[in-house]
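Listed in order, the protein sequences are those of chains A and B. Residue 217 in the working numbering sits at position 126 of the first sequence; the count goes up by one each step and never skips. Residue 84 in the working numbering sits at position 79 of the second sequence; the count goes up by one each step and never skips.
Check each hint, because a few of them may be wrong.
What the hints assert, rightly or not - In silico lysine-lysine, DSBU-like type, Cα no more than 30 Å apart, as pairs: (1) Lys42(B) x Lys89(B); (2) Lys128(A) x Lys42(B); (3) Lys89(B) x Lys128(A).
To be verified - Computed spacing ranges between beta-carbons, pair by pair: (4) Ser157(A) x Glu71(B): 14 to 24 Å; (5) Lys128(A) x Ala10(B): 35 to 45 Å; (6) Leu24(B) x Trp101(A): 26 to 36 Å.
Calculated from the structure, these hints are not laboratory results. Don't be surprised by glycine CBs; every beta carbon is placed ideally from N, CA and C.
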Amino acid sequence: MNQAPDLPLWAAILVGLFVLGGATFTLIGSIGLLRFKTFYERVHPPTLGTTMGALLIILGSVICYSVLQTRLLLHEFLIAGFVALTTPVSLMLLARAAIYRDRTMGEGDVPAHSDGSPAPETREAASEARE
Amino acid sequence: MTISALAIVITLAQVMLGLAMAFAAWRIFLGPRAQDKVLGLDTLYVNTMLLLLLFGIQTGRTLYFEAALIIAVLGSVGTIALAKFLMRGEVIE
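When you get a sec, could you build the whole thing from the sequences and use the hints?
Next up, the structure:
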């Protein structure tokens, strides 16, 4: 497991910084997912991993492969673009489903109808430890 | 010298991503309601995709890139499908 690509010094420093930064962002996002109290708070931290973490790790990968093959390889940005486009859609659908479930089951402090914008402080005391 | 330092850094990043995967799996395990479990599964997918990209950097093979692309596609589709199921299939019959 203890192997690495044969890169020159500047590329090795850049790849190491990007990879370590991306892994740090993703770890912070997962810690936030574990520690936050309500679901509506917990939706937010994983997006730290999908935007900044994925972008930094993919930048490191692009630099690594471009230096190794001595030509510009940009196909890894396909993953970054796809994740950055689909994550907001899927998480918004999930949050809408959660609001719908809270409304129909009468749990939490979710407003009854969707005409008024939900106040964020009413969600603090929302559903904890059910089922 | 720089190669061994880079190897240590990549291994450290892999350990951090593995820890992030463990946190997401723990959220799947204890998440009080179904939407928490779906959220943990989505996070687990993203962390696995980043870990596969790191394996690709470490070994220099392009095989891992294709696996990461497939996981990125199927993970988002799975999350959307589970959200639609939570919206329509379980609470209201």
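We went through each hint and held it up to the structure:
The straight-line distance between the Cα atoms of Lys42(B) and Lys89(B) is roughly 14 Å, inside the 30 Å bound, and the hint therefore holds. With a C-alpha separation of about 14 Å, the suggested pair Lys128(A) and Lys42(B) falls inside the 30 Å cut-off, and the hint holds. For the given pair, Lys89(B) sits about 24 Å from Lys128(A) by alpha-carbon distance, which is consistent with the 30 Å threshold. The supplied range of 14 to 24 Å is met by Ser157(A) and Glu71(B), whose beta-carbon atoms lie about 18 Å from each other.
For Lys128(A) paired with Ala10(B), a C-beta distance near 40 Å keeps the hint of 35 to 45 Å intact. Checked against the hint of 26 to 36 Å, the pair Leu24(B) and Trp101(A) passes, with Cβ atoms roughly 29 Å apart.
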